[in-house]
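*Asks:* Residue-level listing of the chains:
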Amino acid sequence: MSEIRCDKDGAIATVTLSNPGKLNALDVAMWQGLRNTFDKLSADTALRCIIVTGEDGNFAAGADIAEFATVRSNLADGMHYHTDTIALALQAIGNCLHPTIAAIEGVCVGGGLEIACACDLRIAAAGSRFGIPINRLGFPLAPGELQGLLDLVGKAAALEILLEGRVFDAEEARGKGLIHRIAANVADEARQSAARIAKGAPLAARMNKKLINRLSVAAQPLTAQELQQAFAFLESQDYREGVSSFLQKTPPTFTGQ
Amino acid sequence: MSEIRCDKDGAIATVTLSNPGKLNALDVAMWQGLRNTFDKLSADTALRCIIVTGEDGNFAAGADIAEFATVRSNLADGMHYHTDTIALALQAIGNCLHPTIAAIEGVCVGGGLEIACACDLRIAAAGSRFGIPINRLGFPLAPGELQGLLDLVGKAAALEILLEGRVFDAEEARGKGLIHRIAANVADEARQSAARIAKGAPLAARMNKKLINRLSVAAQPLTAQELQQAFAFLESQDYREGVSSFLQKTPPTFTGQ
Amino acid sequence: MSEIRCDKDGAIATVTLSNPGKLNALDVAMWQGLRNTFDKLSADTALRCIIVTGEDGNFAAGADIAEFATVRSNLADGMHYHTDTIALALQAIGNCLHPTIAAIEGVCVGGGLEIACACDLRIAAAGSRFGIPINRLGFPLAPGELQGLLDLVGKAAALEILLEGRVFDAEEARGKGLIHRIAANVADEARQSAARIAKGAPLAARMNKKLINRLSVAAQPLTAQELQQAFAFLESQDYREGVSSFLQKTPPTFTGQ
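Residue numbers (the working numbering), protein chains in the order written: chain X, 0 to 256; chain Z, 0 to 256; chain R, 0 to 256.
Watch out, some of these pointers could steer you wrong.
Copies of the same chain look alike in the list, so a pair counts if it works inside one copy or between any two.
Pairs of lysine-lysine residues, derived as DSSO-like cross-links and limited to a Cα-Cα distance of at most 27 Å, are as follows [unchecked claim]:
(1) Lys39 <-> Lys248
(2) Lys175 <-> Lys39
(3) Lys154 <-> Lys209
(4) Lys154 <-> Lys21
(5) Lys198 <-> Lys21
(6) Lys248 <-> Lys198
(7) Lys209 <-> Lys248
(8) Lys248 <-> Lys7
(9) Lys209 <-> Lys198
(10) Lys248 <-> Lys175
(11) Lys175 <-> Lys7
(12) Lys175 <-> Lys198
(13) Lys21 <-> Lys209
(14) Lys248 <-> Lys154
(15) Lys175 <-> Lys154
(16) Lys209 <-> Lys7
(17) Lys198 <-> Lys39
(18) Lys154 <-> Lys39
(19) Lys175 <-> Lys209
(20) Lys248 <-> Lys21
For the record, the hints were derived by calculation from the structure and aren't laboratory data.
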């Protein structure tokens with residue numbers, strides 16, 4: 000069964016994404032669990048740093064696509080799924096009072112990559128793999144999830160990642176600014192980074208994080224009409240074709256309808 | 000004679016910059032041709048991707064400076080040349096409905112680099128060369144052309160490129176974020192990238208592109224007075240000195256007047 | 000005794016940070032000297048370029064922390080120190096009419112790195128060292144100093160630099176976008192870059208610099224309340240603990256108070 004696990008070791012907490020047999024793909028319960036977990040951790044002022052990682056050698060494979068038939072099958076459900084369930088979980092991570100470190104091994108794609116992007120630091124294994132390969136699934140990235148990617152890699156790399164839909168290695172991810180460093184032992188390096196952060200003054204770390212977020216310029220929020228257009232794909236034939244082809248493991252045929 | 004050529008191969012169009020004997024330098028007719036070509040391609044919803052390239056081993060050498068005596072000899076003409084002719088052509092490329100790929104060999108400088116920057120992806124040959132060497136020509140980059148550069152490389156690299164006015168190689172261009180990748184066979188790599196894009200859902204690609212442009216933050220537009228100041232160089236002695244020295248192949252002497 | 004020295008060689012001025020025996024750490028008099036020096040240089044239209052460097056093999060080690068007991072011991076003094084003394088010096092450099100080049104050897108940390116970030120180009124020796132290791136000193140980066148860092152390295156690298164507080168080498172600094180290039184002979188490379196800039200039209204260089212600053216998007220200014228919060232650390236126990244531990248060369252113990 001899927002779960003968001005949370006362990007504490009002194010002033011350092013570790014949050015683990017777990018969905019056995021599905022590369023830790025995120026279902027709705029996990030997105031809600033992430034939000035609740037980070038809301039609680041953020042309120043615990045005894046903490047100094049939070050490490051986010053995935054169970055059993057992978058970070059996370061993205062959203063649990065098998066769920067789309069029930070939670071993202073029409074415009075209203077799909078908008079709720081993205082702007083409430085996912086965006087609020089990512090915001091809970093991004094706005095967490097404490098510094099956060101994503102410790103990444105294996106697959107880190109789609110929603111998994113979004114969670115990593117919402118953390119403050121990203122440390123990855125040489126064999127880890129990155130990307131947002133949703134163009135073959137027939138849908139664009141939701142705006143609330145796109146902003147986090149854009150803040151890290153800029154316009155040119157965001158276009159490449161989304162238009163080509165390739166999955167790429169850690170070296171390429173580092174070149175794009177997606178990860179801070181590649182480590183031989185990711186868990187060790189994340190612990191050392193967390194220990195270093197924990198040795199500094201916590202009020203200073205929290206204010207640095209708060210000011211960096213405050214002074215990083217984001218675009219004007221989308222209007223209601225722009226939001227509606229961004230989710231219009233939910234009623235397209237190509238979206239249904241992409242998801243059903245993925246689940247049936249057949250190549251999709253897109254018509255632009 | 001100069002021309003903008005447009006060929007279609009299934010769902011992929013190729014736009015070729017051509018000005019034989021002038022390294023495909025862009026004259027006014029070519030800027031207008033680019034705008035018209037991209038307006039038409041953008042309206043063709045059967046398309047999936049557009050490749051932009053240059054004739055005969057070069058991308059483009061910049062604006063056709065021999066024309067400056069007639070099209071950019073005073074403030075009114077110069078502002079029209081930049082804010083209408085050039086900026087509208089770049090906007091037609093940047094706002095094109097379909098994903099665009101610049102396939103770059105040889106010289107890609109000045110106006111040629113601006114065209115490449117307006118595309119979504121940039122793939123270049125190892126021997127290609129980049130820069131905006133206009134400081135020796137006595138004029139600054141027009142604001143409508145500067146924003147596209149800034150969006151890709153940021154403040155530090157934009158200052159370096161314009162203040163030093165160096166021409167640099169593909170490896171340095173990649174380091175600055177000007178190009179996405181260096182390819183042994185640029186035409187092949189561009190075709191493969193276009194094929195990959197064409198296999199994805201077109202509505203998703205178009206919305207990804209639209210949202211990335213929408214959420215990439217640009218500065219407030221210049222006021223009329225700021226625009227006027229940005230083009231005041233057109234009435235300076237140093238501008239005339241820079242252009243005439245270039246055409247006569249003698250070193251310019253600048254006085255700051 | 001500390002000083003800001005200014006020498007001219009034709010159209011190129013060199014500003015030297017000097018505080019012997021303190022790795023050119025910046026005291027209040029030096030920050031004020033920097034502001035006055037750059038205000039004067041900016042008004043001298045015969046100049047073409049300004050090189051900023053440090054005395055005796057180091058750029059600068061940051062602020063002179065021994066002074067904190069007198070100039071930054073309470074909220075009012077600390078806000079004055081940062082928003083008037085330091086921020087106005089950095090603005091005088093950043094808004095200087097002429098192109099500026101930081102020629103960096105040895106230590107370039109804290110306030111020294113802020114000065115380098117305010118310059119237009121940064122050229123560094125292979126052995127130079129960078130960072131803002133203030134988390135162990137118990138305080139966050141002041142907002143007026145943070146914006147300059149963010150403009151160059153973006154959100155992800157700014158978080159890493161401030162949360163970890165590591166001091167890192169020139170290669171890592173180049174990877175983060177902090178410096179433009181590493182040179183075997185920094186003084187030579189800076190002179191060649193200045194000579195190249197000086198050969199271009201000065202009005203063009205000044206307008207390029209002005210437009211790049213104008214079109215680089217910065218966040219909305221902080222409100223009075225946000226500013227107050229950003230400096231609240233000045234009344235914390237951890238700030239006093241960090242500074243006194245540093246001066247006594249003992250490890251600090253932070254409590255979050």
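*Asks:* Each of the hints needs a verdict: does it hold here or not?
*Replies:* Now the hints, each set against the structure:
Taking CA atoms no more than 27 Å apart as the test, Lys39 paired with Lys248 passes in neither setting, with 40 Å inside one copy and 37 Å between copies. In this homomeric assembly, Lys175 and Lys39 never come within 27 Å of each other (Cα to Cα): the closest approach is 32 Å inside a single copy and 33 Å across copies. For a Cα distance limit of 27 Å, the shortest separation of Lys154 from Lys209 qualifies both inside one copy, at 24 Å, and across copies, at 11 Å. For the identical chains of this complex, Lys154 and Lys21 are neighbours neither inside a copy (31 Å) nor across copies (32 Å), given an alpha-carbon limit of 27 Å.
In this assembly of identical chains, the alpha carbons of Lys198 and Lys21 lie at most 27 Å apart only when taken from different copies (26 Å versus 37 Å within one copy). Taking the closest pair of Cα atoms, Lys248 and Lys198 come within 27 Å of each other only across two copies (15 Å); inside a single copy the shortest separation is 49 Å, beyond that limit. Taking the closest pair of Cα atoms, Lys209 and Lys248 never come within 27 Å of each other, the shortest separation being 44 Å inside a single copy and 29 Å across copies. Taking the shortest Cα distances, Lys248 and Lys7 never come within 27 Å of each other, neither inside one copy (40 Å) nor across copies (31 Å).
In this assembly of identical chains, Lys209 and Lys198 lie within 27 Å of each other by CA distance solely inside one copy; the values are 19 Å within and 41 Å between copies. Taking the shortest alpha-carbon separations for Lys248 and Lys175, neither the intra-copy value of 30 Å nor the inter-copy value of 40 Å comes in at or below 27 Å. Proximity of Lys175 to Lys7 under the C-alpha cut-off of 27 Å is found in neither arrangement, the shortest distances being 32 Å within a copy and 32 Å between copies. Taking the shortest Cα distances, Lys175 and Lys198 sit within 27 Å of each other only across copies (24 Å), while inside one copy they are farther apart (30 Å).
Proximity of Lys21 and Lys209 under a CA criterion of 27 Å is satisfied in neither setting, with 35 Å inside one chain copy and 32 Å between copies. Taking the shortest Cα distances, Lys248 and Lys154 never come within 27 Å of each other, neither inside one copy (32 Å) nor across copies (39 Å). Both within a single protomer and between protomers do Lys175 and Lys154 lie at most 27 Å apart by alpha-carbon distance, with minima of 11 Å and 14 Å respectively. Taking CA atoms no more than 27 Å apart as the test, Lys209 paired with Lys7 passes inside one copy only; the shortest distance there is 23 Å, against 43 Å between copies.
In this assembly of identical chains, Lys198 and Lys39 lie within 27 Å of each other by CA distance solely inside one copy; the values are 22 Å within and 43 Å between copies. Taking the shortest alpha-carbon separations for Lys154 and Lys39, only the inter-copy value of 25 Å comes in at or below 27 Å, while the best intra-copy value is 34 Å. Taking the shortest Cα distances, Lys175 and Lys209 sit within 27 Å of each other both inside one copy (24 Å) and across copies (21 Å). Proximity of Lys248 to Lys21 under the C-alpha cut-off of 27 Å is restricted to the intra-copy arrangement: shortest distance 15 Å within a copy versus 51 Å between copies.
Hint check: violations occur at hints 1, 2, 4, 7, 8, 10, 11, 13 and 14; the rest are consistent with the structure.
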